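These protein sequence lines map, in sequence, to chains A and B. Position 201 (the first sequence) corresponds to 201 in this note's numbering; numbering is contiguous. Position 364 (the second sequence) corresponds to 364 in this note's numbering; numbering is contiguous.
None of these hints come from the bench; they were simulated from the model. What you are looking at is a predicted structure, and each value in this text was computed from that prediction instead of being measured. A portion of the hints provided could be inaccurate.
Said to hold, decoys possible - Selected chain A positions facing chain B (in silico; Cβ < 8 Å): (1) Gly65; (2) Tyr181; (3) Gly259.
To be verified - Using 20 Å as the maximum straight-line C-alpha spacing, the simulated EDC-like pairs for lysine to aspartate or glutamate come out as follows: (4) A:Lys219 <-> A:Glu196; (5) A:Lys79 <-> B:Asp137; (6) A:Lys119 <-> A:Asp199; (7) A:Lys79 <-> B:Asp218; (8) A:Lys219 <-> A:Glu204; (9) A:Lys219 <-> A:Asp199; (10) B:Lys119 <-> B:Asp39; (11) A:Lys79 <-> B:Asp39; (12) B:Lys119 <-> B:Asp137.
A virtual CB, placed ideally from N, CA and C, is assigned to each residue, including glycine.
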Amino acid sequence: MTMLDQRPDSQQEAANPELERRAERRESWRGFFHAVPAYAYLIAFFVLPLIIVFVFSFASRGRTGRPILDNWNLDAWTKLTEPLVSTIVGRSLFVAALNTVLCLIIGYAFAYWIATRPKQSTRTLLLILVLIPFWSNFLVRTYAWRILLDSDGYITQIGEFTGLWGRMLFTLPAVFLGLLYGFLPFMVLPLYAAIERIDWSLVEAGRDLYASGTRAFLKITLPLSRPGIIAGSILVFIPSLGAYVTPDILGGAKTTLLGNFIVTQFGAARNWPFGSALSGAILIVMVLTTILYFRSGARTL
Amino acid sequence: MRRLLMLLAAMALVVAACGDDDASATQALADACTLGETDGDLNLYNWTEYIPTGAVATDAEVVDMLAAFEEDFGVHVVLTEYDSNETMLAQIEAGVGYDVIVPSDYMVSIMNGADLLIKFNPDTVPNLSNIAAEFTDLPYDPGNQFSAPYQWGTTGIGYAYGSIDDENGVSWGVIFDPDQADVNTGFISLLDDERETMGAALIYLGYSINTLVEAEVDEAAALISATRTRLAAFTSVGYADLLTSGEFVVSQGWNGDFLYSYDTASTDDYDAYEDFGYAIPIEGAAAWVDTMAIPSTVEHPCTAQTFINFMLGGFIGGELTNYNYYASPNAAAEEFIYPEILEDPAIYPPADVLERLEFFEDLGDFGTYYADAYSAAKG
């Protein structure tokens, strides 16, 4: 709000401050009532379950694996320091980071291309094409990849015909192919939104001042699309960190990632306190990182 | 804000504590049931594709068991399916009201230890007498007080003929020994199950699948870890179909799953049994019994017992085996089972093979050691 906007307000306030304050309060209450369904939903299905997760992380494990809400202890949290956990966390971070970088490179080029199409109708059509995969279930689409990548699949046939690759199913490249495919739209959409907003006359001005194409991109386009890069990277990185379906179905579950590790704790290992501590720890780290990021002055999002 | 958080924490505790039902009241209801009595619709919680019903039953030319039960007793049956004992356990612990569940042997001990099972009223399940003598006194439930055997089977190796040397029987070495297994690198699969997968490695190393010795478990984990580069996948779902479609040539798995897939892959012009086989390895294998039981969350205990009695009938028991190719623990069922199934050593192993089988037992607290060792082995 600028000073100019405030001036008439302050005059009114001077005229009748009490009335104004009451109106403000009423306005704030109305806002609150609008938000009640959302608050209720979040508390019932997000906050409460999270609290249950945290409570269970201090519970003890019964002889049969049943979580016992008694003998509160820190065993599950101490177990987080075991070398097995750090190996798995390290690997998951690597997979998530690499996938984010791959998505960023491919997604940026694609989003830039869409955003620079001159006709609005072309842009809309291209965006719809990006969204089409969401019309069917992720699990089903991952199984479809299995058919493409198996011994008789088209991708294998192309690879064998050109002599470049063999069967890719159940290999690490297959996992990255699946992850890239799955999370690319989450990168493209925010990037498109950011790039489309850019005032191209700034780039033109740069070129007029004899900046090369590369230099204009690095100095103008890239910094201006930063909010999109950050939003897209967060949207890709966080779910990739918990990726569970793709490594299992396309990679043959040969490496334990965080998602599978947590599932095991609640399934076969029946160690709910440890599974809860793992989930809780990831959540804390994620929230802290995000807060730190926003505190560091990057409020442009 | 702090008060709000305290309130939420208190609510969370209340919600969490609600799981502890009083099982004794339910037990009294179950004890009061009479033979053939029904007290409502049946909520059946069974493994996937484990009971013939609907189009699948028609295709397999066996009786639609759920429809038959509905017709005989005038109640409706709702079938829900699961893919692992642990999934089922989590549902029961969360208080979901299923009437009949199908836990495996070791899961019966786990659930019984946690007071999650209801004892049968023997008057309502007279067909318990049909159960073959070998299955009436197993360690997980002596005297079948809480569980009635449903089907039993083995965990062995399904393979494509010609891919391995099976002249003198099949060894677990076709998966774990580099000399025998390296030729099939990239086309081998293991189950993704810490008991079964670790079990195969333990058997190959000459240890018990229920060992409580840390060094032996560590050795098995190291073996699995060394085998990883040779594997296509760890998977407990769909592996038999991947074998018949050529993605795998050697797979660890459950006997009925393989035979069911070989049957499905066969057509009028093609006999998959000529290309694929199943073997119980020479070192031995894990055996298991799946059972029918009533969880403490049961809502219709009388219908539940009537259903279990119905499933233990001779004809139904025979048809069950004719459908899913797992052996029947039901002695009265034998006369209804196709002779080719009774003669198949993959389903009914001969006496000398039976001696090499071992059942899984509940490991108690040591279970987490297996889980961690297995996670570490997978890298």
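Here is how each hint holds up against the structure:
no.: 1; hint: Gly65; result: 6 Å, holds
no.: 2; hint: Tyr181; result: 19 Å, violated
no.: 3; hint: Gly259; result: 12 Å, violated
no.: 4; hint: A:Lys219 <-> A:Glu196; result: 17 Å, holds
no.: 5; hint: A:Lys79 <-> B:Asp137; result: 39 Å, violated
no.: 6; hint: A:Lys119 <-> A:Asp199; result: 17 Å, holds
no.: 7; hint: A:Lys79 <-> B:Asp218; result: 18 Å, holds
no.: 8; hint: A:Lys219 <-> A:Glu204; result: 12 Å, holds
no.: 9; hint: A:Lys219 <-> A:Asp199; result: 14 Å, holds
no.: 10; hint: B:Lys119 <-> B:Asp39; result: 17 Å, holds
no.: 11; hint: A:Lys79 <-> B:Asp39; result: 48 Å, violated
no.: 12; hint: B:Lys119 <-> B:Asp137; result: 16 Å, holds
Violated hints, listed in ascending order, are 2, 3, 5, 11; each of the other numbered hints is respected by the structure.
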